[in-house]
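Undergrad: Sequence:
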Amino acid sequence: MIRPCTPLTLLLMLLCLPVRSAEPDMELLRYCRDESIPFELFTCYSRFVTAIGGEPAGQLAGFCDTNKVTITTDPRPAGKETTGDTINLPFMKTGFRKHLIEVLSRNETEYQLRTASSILVFKKQDAHTWTLIQYRDEPMVPAPDIPGTTAAPTPANAP
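The numbers in the numbering used here rise by one with no breaks, and the one at position 26 of the sequence shown is 585.
Treat the hints with caution; some may be incorrect.
Subject to a maximum C-alpha distance of 27 Å in a straight line, what follows is the list of computed DSSO-like cross-link-like pairs (lysine-lysine) [claimed, not checked]:
1) K639 / K627
2) K652 / K639
3) K682 / K627
4) K652 / K627
5) K683 / K627
6) K682 / K652
None of these hints come from the bench; they were simulated from the model.
With the hints as extra help, turn the sequences into a complete structure.
TA: Written out as structure tokens, the structure reads:
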């Protein structure tokens, strides 16, 4: 005999269903002019960009090889806000540009991603995992066809 589900049983069953991870933000590729990017890497980068808007210290650290990438919380000195070899949280909130401009394959397991503000190098750990192994903030020479490269920095979640 089959019994009808109680609301609690139904809720528990729904909670156990597999959850599809959020699709990567295709808008991030809008200005990309280079080779294709592996889907898993693009998904990782999209999640990295999303994490910038949250509680970044903990979330961003989860994307990094912490032996190779440092996260700092103090603002950079005046005049040097846009350049540095660390993930600087104040800069990430106000000056990081999220759109990919270039995707360069160093080899099968390492890719360099370039935005208007930064250079990120990711290394493939396994079939589905990519880790940030190198990070540098270095603004591109202004490019008028790429929003945000000729004006003052805006937050990472700005259009």
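Undergrad: The structure should be examined with respect to each hint, and the outcome stated for every one.
TA: Hint check:
Using a Cα cut-off of 27 Å, the hinted pair K639 and K627 holds, with the two alpha carbons roughly 21 Å apart. Between the alpha carbons of K652 and K639 the distance comes to roughly 15 Å, so the proposed pair stays at or under 27 Å and holds. With a C-alpha separation of about 12 Å, the suggested pairing of K682 with K627 holds against the 27 Å cut-off. Between K652 and K627 the alpha-carbon distance is near 22 Å, which keeps this suggested pair within the 27 Å criterion.
Our distance criterion of 27 Å between C-alpha atoms is met by K683 and K627, whose separation comes to about 15 Å. Straight-line distance between C-alpha atoms of K682 and K652 comes to about 24 Å, which keeps the hinted pair within the 27 Å bound.
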